[in-house]
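K.L.:
Since the structure of chain F is provided, determine the placement of chain G on it from the hints.
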Amino acid sequence: MKWKTEDGGWSPYLAGALVGLLAIASVLATTQWLGKTSYLGASTTFVRAAGLFEQIIAAEHVESNEYFTKTKVRIDWQFMLVVGIVLGALVSSTTDKSFRLESVPPTWEKRFGPSIGKRAAGAFVGGVIAMVGARLADGCPSGHGLSGMMQLSLSSFVALAMFFGVGVWVAHIVYGRGKS
Amino acid sequence: MNTAQWLGLFTGVLFGFLLQKGRVLRFDKQVGAMLLTDMTIFKFMLSAILVGMVGILWLSNMEIITLSHKPMNVGAVVIGGALFGAGWAIMGFCPGTSLGALGEGRWHAVFAILGMVAGAALYAELYPFFKSTVLAWKDFGKIGLPEAINISQWIIIPLFWVGTIGLFFWFEKKNL
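Residue numbers (this note's numbering), protein chains in the order written: chain F, 1 to 180; chain G, 1 to 176.
With the rest of the complex left out, here is chain F (with noise of 0.2 angstroms):
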């Protein structure tokens, strides 16, 4: 086993179990600073996201609609951690030479060619998807797959099973099978 990939990255079992030493240390410091034990997630986040741009243009929908009051449209604790997750992967990936603008990835173009147009589209159909599904479930793989996981949360094993079983199978449906 090497601690370095080929292209300069490492391990994902360091990096992983660097992540485990990160979330321990996170609800330490979250229940020690915020007196509230937070745990590493993401989807919710993009709820508060979207109450803002509404708030916008609409702002008496987002204060009548039952699910921004539960959510709590505000930039928190966690919407920082989502905005930190952008500063750290630039920094991490032009300190190592990683960083490359795409436009289409090879796994897509391989399966429906150079179009941006096509891959923006995909993009966000499957975007559309997967936060309503994310929503429904309570949680992504930051939230169940990491977070919930280390708890022993039983949703957890379901979601994290729902979300492989599902992505595999729509994965060779969509790609192919034996593509990669």
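Check before you lean on any hint, since a few could be wrong.
[As the list claims (entries may be wrong)] Pairs of lysine-lysine residues, derived as DSS-like cross-links and limited to a Cα-Cα distance of at most 25 angstroms, are as follows:
no., chain 1, residue 1, chain 2, residue 2
1, F, LYS36, F, LYS72
2, F, LYS36, G, LYS174
3, F, LYS4, F, LYS97
4, F, LYS2, G, LYS138
5, F, LYS70, G, LYS142
6, F, LYS2, F, LYS97
7, F, LYS70, G, LYS131
8, F, LYS2, G, LYS174
9, F, LYS72, G, LYS173
10, F, LYS70, F, LYS36
11, F, LYS4, G, LYS174
12, F, LYS70, G, LYS174
13, F, LYS72, G, LYS131
14, G, LYS131, G, LYS142
15, G, LYS173, F, LYS4
[To be verified] Reference listing, derived: stretches of chain F covered by chain G, where coverage requires no fewer than 3 residues with Cβ under 8 angstroms from a Cβ of chain G:
no., segment
16, 46-53
17, 109-117
18, 120-129
19, 137-146
[Stated by the list, open to error] Now the in silico label distances, taken between C-beta atoms and shown as ranges:
no., chain 1, residue 1, chain 2, residue 2, range
20, G, GLY105, F, LYS118, 19 to 27 angstroms
21, G, TRP154, F, GLY117, 19 to 27 angstroms
22, F, ALA121, G, GLY105, 37 to 45 angstroms
23, F, LYS118, G, ILE165, 38 to 46 angstroms
No wet-lab data here; the hints were simulated from the structure. Just so it is clear, the structure is predicted and the values come from calculations on it, not from any experiment. For every residue, glycine included, the Cβ atom is placed at its ideal position computed from N, Cα and C.
P.N.:
Positioned in the frame of chain F, the structure of chain G alone reads:
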């Protein structure tokens, strides 16, 4: 910015850094996992879970932190999980990694992010419908696996470790 926002930003920068170093942000890695040709994401996630679960469950046992299980609402987790899986396969990013992918220059993630914001807005509109249907079917509440099957977490954790490490050896043997 307040303390919560600064702490979130700091944690997020470290999280994004490690996600990028693990090379799990890319579309091809995510779809590769779903096509079962590249196990990078499984290796990364399972390693994080193995380490994280020991610390988090121990800290919870010591009553230093509190657990926050997501509810085992059967219809919501099964249908929501299935929808997420389908959307994930097409999009090739998950919510957290889409932002990281943007950070490493894969700018087509913007369309995924916009789609997910639109999806969140759609869910907010559909919430009353889900609340009276799927979410109302059967909810076992916020429970952990140890309570659900009545086996101590200190038995489940070693079993989980052994099973996962066995899986890792298999990945390496098969060169996945």
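K.L.:
It remains to establish, for every hint, whether it holds in the given structure.
P.N.:
Structure-based check of all given hints:
Simply put, F:LYS36 and F:LYS72 have alpha-carbon atoms about 16 angstroms apart, close enough for the 25 angstroms limit, and the pair holds. Among the hinted pairs, F:LYS36 with G:LYS174 is inconsistent with the structure: their alpha-carbon atoms are about 43 angstroms apart, more than 25 angstroms. For the given pair, F:LYS4 sits about 14 angstroms from F:LYS97 by alpha-carbon distance, which is consistent with the 25 angstroms threshold. For the given pair, F:LYS2 sits about 46 angstroms from G:LYS138 by alpha-carbon distance, which is inconsistent with the 25 angstroms threshold.
Between F:LYS70 and G:LYS142 the alpha-carbon distance is near 18 angstroms, which keeps this suggested pair within the 25 angstroms criterion. As the CA atoms of F:LYS2 and F:LYS97 are separated by approximately 20 angstroms, the hinted pair is consistent with the 25 angstroms bound. Using a Cα cut-off of 25 angstroms, the hinted pair F:LYS70 and G:LYS131 holds, with the two alpha carbons roughly 13 angstroms apart. For a cut-off of 25 angstroms, the pair hint linking F:LYS2 to G:LYS174 stands: about 16 angstroms separates their Cα positions.
Straight-line distance between C-alpha atoms of F:LYS72 and G:LYS173 comes to about 48 angstroms, which puts the hinted pair past the 25 angstroms bound. This hinted pair checks out: F:LYS70 and F:LYS36 have alpha carbons roughly 18 angstroms apart, not beyond 25 angstroms. Of the pairs offered as hints, the one joining F:LYS4 and G:LYS174 holds, with about 19 angstroms between alpha carbons and a cut-off of 25 angstroms not exceeded. The suggested pairing of F:LYS70 with G:LYS174 is violated, with an alpha-carbon distance near 47 angstroms, which exceeds 25 angstroms.
Among the hinted pairs, F:LYS72 with G:LYS131 is consistent with the structure: their alpha-carbon atoms are about 18 angstroms apart, no more than 25 angstroms. At roughly 17 angstroms between alpha-carbon atoms, G:LYS131 and G:LYS142 fall within 25 angstroms of each other, so this suggested pair holds. The suggested pairing of G:LYS173 with F:LYS4 holds, with an alpha-carbon distance near 18 angstroms, which does not exceed 25 angstroms. Counting residues of the segment 46-53 of chain F whose beta-carbon sits less than 8 angstroms from any beta-carbon of chain G gives 6, enough to reach three: the coverage restraint holds.
With 1 residues having a Cβ less than 8 angstroms from any Cβ of chain G, the segment 109-117 of chain F misses the three-residue criterion, and the hint is violated. Using a Cβ-Cβ cut-off of 8 angstroms, 10 residues of the segment 120-129 of chain F lie near chain G, which meets the minimum of three, so the contact claim holds. For the segment 137-146 of chain F, the proposed coverage by chain G is satisfied: 10 residues have a C-beta within less than 8 angstroms of a C-beta in that chain, meeting the threshold of three. Distance hint check for G:GLY105 and F:LYS118: the Cβ-Cβ separation is about 20 angstroms, which falls inside the suggested range of 19 to 27 angstroms.
Taking 19 to 27 angstroms as the suggested C-beta distance range, the pair G:TRP154 and F:GLY117 does not conform, at roughly 54 angstroms. Separated by about 21 angstroms at the C-beta atoms, F:ALA121 and G:GLY105 break the suggested range of 37 to 45 angstroms. The supplied range of 38 to 46 angstroms is met by F:LYS118 and G:ILE165, whose beta-carbon atoms lie about 41 angstroms from each other.
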